[in-house]
Every structure is written in C-alpha cells, then in structure tokens.
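*Asks:* Listed below, chain by chain, are the residues.
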Amino acid sequence: MRTWFNTLTPRTIFGLTLITVALLALPFVAALGGQAWVRIVNFAILYVFLALGLNIVVGFAGLLDLGYIAFYAVGAYLWALLASPHFGLHLPFWVILPLGAIVACFFGILLGAPTLKLRGDYLAIVTLGFGEIVRIFMNNLNAPINITNGPQGITLIDPVAIGNFKFSTGSTVFGIDISGPQKYYYLLLVLVLAVIAINVRLQHSRIGRAWQAIREDEIAAKAIGINTRNMKLLAFAMGASFGGVAGGIFAAMQGFVSPESFSLIESVMILAMVVLGGMGHIPGVILGAILLTVLPEALRYAVVPVQKALFGAVLADPESLRMLIFGLALVLVMRFKPAGLWPSPDRRRELAEKAR
Amino acid sequence: MDIFLQQVINGLVQGAIYAMVALGYTMVYGIMGLINFAHGEVVMIGTLVTITVVTFLLKAGFPVWLAGGMGIVAAASVCMVLGWSLERVAYRPLRGAPRLTPLITAIGMSIVLQNLAMMIWGRNYMTFPSLIEKTQFEIGGAAFTNVQVLIVLVAGLSMGGLLLLVYRTKLGMAMRATAQNPGVAGLMGVNANRVISSAFVIGSVLGALAGVMVGVYYEIAHYQMGFMLGLKAFTAAVLGGIGNLAGAMAGGILLGLIEALGAGYIGDLTGGFLGSHYQDIFAFVVLIFVLMFRPSGLFGEKTGDRA
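Respectively, the protein sequence lines represent chains L and P.
Per this note's numbering, numbering through the first sequence is continuous, rising by one, with the last residue being 356.
Per this note's numbering, numbering through the second sequence is continuous, rising by one, with the last residue being 1307.
Calculated directly from the structure, the hints in this document are not laboratory data.
Hints are not guaranteed to be accurate.
Said to hold, decoys possible - Residues from chain L that face chain P, not an exhaustive set, calculated with beta carbons under 7 angstroms:
# : residue
1 : Met323
2 : Gly327
3 : Val331
4 : Met334
To be verified - Covered stretches of chain P (chain L as the covering partner; in silico rule of three or more C-beta atoms under 8 angstroms from a C-beta of chain L):
# : segment
5 : 1021-1028
6 : 1163-1171
7 : 1177-1187
8 : 1281-1292
A virtual CB, placed ideally from N, CA and C, is assigned to each residue, including glycine.
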C-alpha cells in the first residue's frame, strides 16, 4: 500500500500549497459577499464534520443511522448547560469539548448496545426513534426541574474563548481585521482537518477493514474472528463523539440552542450528504456536505431575482420554492448518479479545482 | 377504570388511522424492500385535497353527503395519481441501484411534496369542514362519538377489502409472488412493473382514506402533518414486522393503544414527573424494546442481512 509521504511529488506539493492558500483565504473572499457568507462557509464545514462522523457509522460500518442528530444535540446542550448563565456555569472550552465527545460517545454506546442484533431498516427506524426521544426530552425537560429550558432553548451561551481572545467578536490580529465568524472558520478548519485525518487513518487501519468486512458480510466477518459486537459499538461511539464535538462548536458559534435545531430532518439531511456525495468515500462525503449546505443558501439568494427576471414578479413563496428545488435536486442527482456524486477516488483533481 | 376504557377507545381510533397509513408503507416494502418515505406526504395531500373540494362543494350548495363523497373520491384519485407518479419518477429508475439511493430520492420527493403543498395551501392551519353531526355515546363511563365509530368501521372494512384483494384475486397473487421472488414471478408471467405500480396505487388510496379520517377526526390540517403521521405509521409497520399486512394492522392498533394508555397513565406512573407531552416517546421506546427481543418485529419473518 502506498503511504502518504511517497506520493509527495512536486505536483502534489504544488496542489497542496494551492489548497492551503485557498482554504486560508476563503473566509476573506467569502466576506466580500458579506459576513453571512462566512457563516454559510462555517456551516458547510460544520456539516462536513458531521457528515464525516456519520460516514463512519453508515459508510464504513454499514449501519444505517437515522438519529445521528441526537449526538449533535447532546454535544450542543452539554456546551449550553456548562457554559451559559442558565446554570451560572462558565467552563472553558478545553474542558467542555472533550467532555462533549465523551458524553456523546456514551450516548452512542447507549444507542448501539440494544440495537446490535438489528439490521437494515429495523436499525434505521430504531435510531430514528432514538433521535426523536432525545429531542422530545430536550423539548420537555423544563418541568418539574428546569434543565433544558424547554422549547425556548438556552440563550447567551459563551463563545469559544482562549483567555481574553473571544471567537464571537472581531479583533485585530497582526494588523489584520478579523471578524468573529472568520475566527470560527479557522477553528473549524483545524478541527475538520483533524477529523479528516482521523477518518483517512481509520479507513485503512485494522479497525477500518473490520468495519468494511462487517458492512459487506456480517456473518463472514464474525467467522474470520472479528468481534462484531465491539466493532459495531466502536463505530457508533466514534461517530457519536464527532457529532458531540460538532454540537459543542455549534452551540458556541450560535450562542443559542433549542430543540428545533435537532429535528429528524437534520439527521436526514446529514445522511443525504453522505449518500449524495458517495457513501464511504471521504472526499465524496465532504463534497456532499458542502453542496447540500451551500445549495439551499445559494438558492435563497437566487429564487427572488430569478423569478423577477423570468416573470416580472415574485410568484411563488421563495422559501418553499427554494426547498422545492432542493428536493428536486436530490431526486435528480440520485437518479443520474445512483452511487453518489463522487463514489470512487479516481477523479482526485476535482477537489483541487473546486477549492480553487 | 373509566380512564382506561376511554383511552382504549381513543387508542383504537388513532390506531386504526395508523394502521391504514402503515399498510401503505408495508405493501411497498414487502414487494420492493423500499421505505417509501414520501407516503406521509401523500396522506397529507389527501387531507388537504378533501378540505378544498368539500369546502368548495358545500359553498356551491351541494348536500353534505355528496360533497363528502366527492371529497373522498377526489382525494383518492389525486393520491392514486401521486403514488403512481412517485414510483415512476423517484423509484423505478433506481431499481438495482445501491440500497440507500432510493431512500434519498424518497426524502427528496417528501421535501418536494411538502413545499408544493405549502405553495398551494399556504402555511396556515386549515379547518376541516364539518361533514358529520357529532353525537356522543357513553359506555361504562367512557365517551365516544359516531365519528370515532365510523373511522374504526371504515378502517376495518378497507383492511378487510385489502386482505381479500391480496389473498383472493389474481393481482394479489401476483403481488405475493413478486414479494417472494421477483425474478421467478417474472418467469411465471407476472408483470413486476404493473404489480409494483398497483401496490403504490393501492397504498395511496388507503393513505387518502386515512387522510380523510385524520381530517374528520381532528378537524384541522396543515402542510407538515404528514411527517409525524408517516413516522408513527412507519413505526407501526416495523413494530408489526414490515412487509407483513396483518403485522401492519396489528402494529398500528397496538401503537395507537400504547400511545393513548401511555399518555393517560404516565403522570401517575412517574409521580407527576413526566407528563402527557411525552406521549410521542412511547411509540419509540416500545419499538426499541420490542425490536430488542424480536429483531424482525412482532409478526415479521427473519430479514436478510442487507445493510
């Protein structure tokens, strides 16, 4: 097997440099269209994070999980409870983030353990139910003891901060004005690169191969001595802990969490990112996540002017029209690319071109 | 005791509605092994079409029974067309594709239908025109209305009709054959495409009827109502063992009963800690427990190990 360092030809070094420069410059380019676009880019990265986490469960281990958002919710609420005026706690992020990963991991095992025997659609519906249970609890745990503040959610959540350097407000670093969302961009970038690295290493590790074996044929995997129980639990736990970390960042970035952000449709969207991009293929999943985050936002800006240009008036409600187009896009992509947009690694150049 | 009886009655009615919707899921799943995620939206559109048609006809001065009948016919026809085209557009081109692919198109279609409904009917709640004068009866301290009786009756009749169709007609035989083994069924001269299309159409008609029931029962409808209803119905189908007709019926009724009884008693059971707004949790908790001990549902056969 090739390892990463002996593929470092001058050409790939050039490409990598280009990607690095593009990634570093991206928040400033996006800021030209307003800070809203920086936020959209941030969300795209956050969803890449989530999609890669789900990819471990669905793509690598082949366990169809429709309740993935529950772990995201757990991470988000953990941050919200431990770093907001709600309980008067203000723990620093380097305590909460690992804690979020651990708690979400625990929830992952909690979900994984009773569902070990289930397969395919039965597993899908149980995970879906689990996600709903978590959401309903968050919606209702405001009485008799107020834990989650119910449907109103928790506000005034602390941002990520290192000492006095807060990620929520703008400041000047080395003479460059940098806004809050732009700071989060770099934080998210570092985190997501770490997740990508973990994913790549996992995929080709003994564990990754064990997952693949389980995905292809669970009985055969068991027969060759893979501990399928532990491996499945590990997949759930790892996926969940990524979700937990992403949730924590989400809470800090938004400053606000409510159960509404964690409905089933979110789980479904993340699954759609994984499948649409190319299940089990890391670059494909990244592409899927970026596309499905940016497309609805781009449509938000496009539907009104396009309607005006075509018909001279806004005929259809822009909000539902953009979701309608989004739904159609899902159908069409799957119709013509049933294995996802980028299922195999043979078109590596595409990402470099996209990032440029 | 009267609370118990009351909740059993409410649960039966709700369960009958779940069962009707669950049948749509289970028929399609039994034949194609596919979760038709957009089925809940078909039900929703059934309700909204009925509202529009009935309101219009009542305003035009038609008698109530005719307006109601026309409403049901309109809903059924719209849903039939919808179910049929859903299969043609979103599922048929994807036969033989990776298994999660049709799931995503189903989700896409569900988003499309929901937003289409919102564009047509708006975001607001719509009231269902009253078709039937409500009369209340009482048995042993528990009250029920003629509407509830009618819902259970119609549900029972349609399910009986469905069973007759599946077990006594040639089309039903073709359906069962395709469900068992599409390839061999094809060799025996079964037109798989026709069978699949008819499964979608029949499921959609049942869904339309369920939609009318929901409208008559709750007297309110909304473009997002299909989602939760579909989810619960799908849960019911899985509870009974997906792909199994009797299982879907039993699962639906069971789910309705569990929810109603759970909502009625959870306050007492937990000493007032959890209230009836945890109703939705019961469906899922029971589902998880049942599947822990019977991984293929209550009446399901062992599934293949596709993931």
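*Asks:* Please go over all the hints and tell whether each is borne out by the structure.
*Replies:* Status of the hints after comparison with the structure:
{"no.": "1", "hint": "Met323", "result": "holds, 5 angstroms"}
{"no.": "2", "hint": "Gly327", "result": "holds, 3 angstroms"}
{"no.": "3", "hint": "Val331", "result": "holds, 4 angstroms"}
{"no.": "4", "hint": "Met334", "result": "holds, 5 angstroms"}
{"no.": "5", "hint": "1021-1028", "result": "violated (count 0)"}
{"no.": "6", "hint": "1163-1171", "result": "violated (count 0)"}
{"no.": "7", "hint": "1177-1187", "result": "violated (count 0)"}
{"no.": "8", "hint": "1281-1292", "result": "holds (count 8)"}
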